[in-house]
Amino acid sequence: MRLLTRLLVSVSILLPIACSAAAPASNYKEGTEFKQVRQVQAPADAKRITVEEFFWYGCPHCYHLDSFVDAWRPTKPGDVDFTRIPNSLGRDEGIIHSKTFYTAEALGLFDKIHKPFFMAIHEQHQQLFTQASIQSFFTGTTGVLPDAFNNTFNGFAVGMKVNRAEALAKSYGVASVPIIVVGGKYYTNVAMSGGPDQTFKVVNFLIAKVRAERKGK
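For reference, each letter of the sequence shown is one residue, going 1 to 217 in this note's numbering.
Incorrect hints may appear among the rest.
[To be verified] Restraint ranges, calculated between C-beta atoms of paired labels, are given here:
#  : residue 1 : residue 2 : range
1  : 73        : 123       : 18 to 26 Å
2  : 214       : 112       : 15 to 23 Å
3  : 74        : 44        : 20 to 28 Å
4  : 164       : 130       : 33 to 41 Å
5  : 36        : 106       : 31 to 39 Å
6  : 132       : 164       : 39 to 47 Å
7  : 75        : 42        : 23 to 31 Å
8  : 123       : 211       : 15 to 23 Å
9  : 116       : 76        : 37 to 45 Å
10 : 27        : 131       : 24 to 32 Å
11 : 157       : 112       : 18 to 26 Å
[Stated by the list, open to error] In silico PhoX-like cross-links for lysine-lysine, where the CA-CA straight-line distance does not exceed 20 Å:
#  : residue 1 : residue 2
12 : 29        : 209
13 : 76        : 209
14 : 215       : 112
15 : 47        : 76
16 : 47        : 215
17 : 35        : 161
18 : 170       : 47
19 : 170       : 35
20 : 76        : 201
21 : 201       : 29
Source of the hints: derived by calculation from the structure; they are not laboratory data.
C-beta: ideal position from N, C-alpha, C; glycine also.
Based on the provided sequences and hints, a complete structural model is requested.
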């Protein structure tokens, strides 16, 4: 009986600690679970809310969050548009990976490349940080011809998209990844939210916040 009492006391002590690990949605506060971006972007369509994930293929935290992104996407509200945006973090290999992302999109190979590329870097420890190594990976994974890859990778369209992505990240004040920006106004990340399993609870809160703010105008 004494042992049972001690166990119940231990559980009663631990439960508040566990429950307090992540703040309830009603308690999310600006400056704690989320912040405002440096330069707020006006929406192209006030009826639509953008959710933008800034990431880098070389980032292990981005790789870990990717499965949580995929779990959340089918549940997102109908007025929400989600997009991934690669960011270089000012690194040469980051630019290479941003070009990889947009090359895969341009060639219609994103679904065949995105996860395998992430896995090759973080699970298989492949050194995919040069155009030549990435071309070989694309060809080996999808069968795309080297010339098709190289011409797209070095093309104007891919370069323009990389520049736009870098400029947008700079305007938001993105200094680390992964970061998720909601409605062009607020952002959160894994550290701020309390963990990858909490991140999209904060994202959903921010979606509702942006929606309410726009209706209040």
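Practice item. List, from low to high, the hint numbers that the structure doesn't satisfy. Key: 2, 4, 6, 8, 9, 10, 14, 17 and 18
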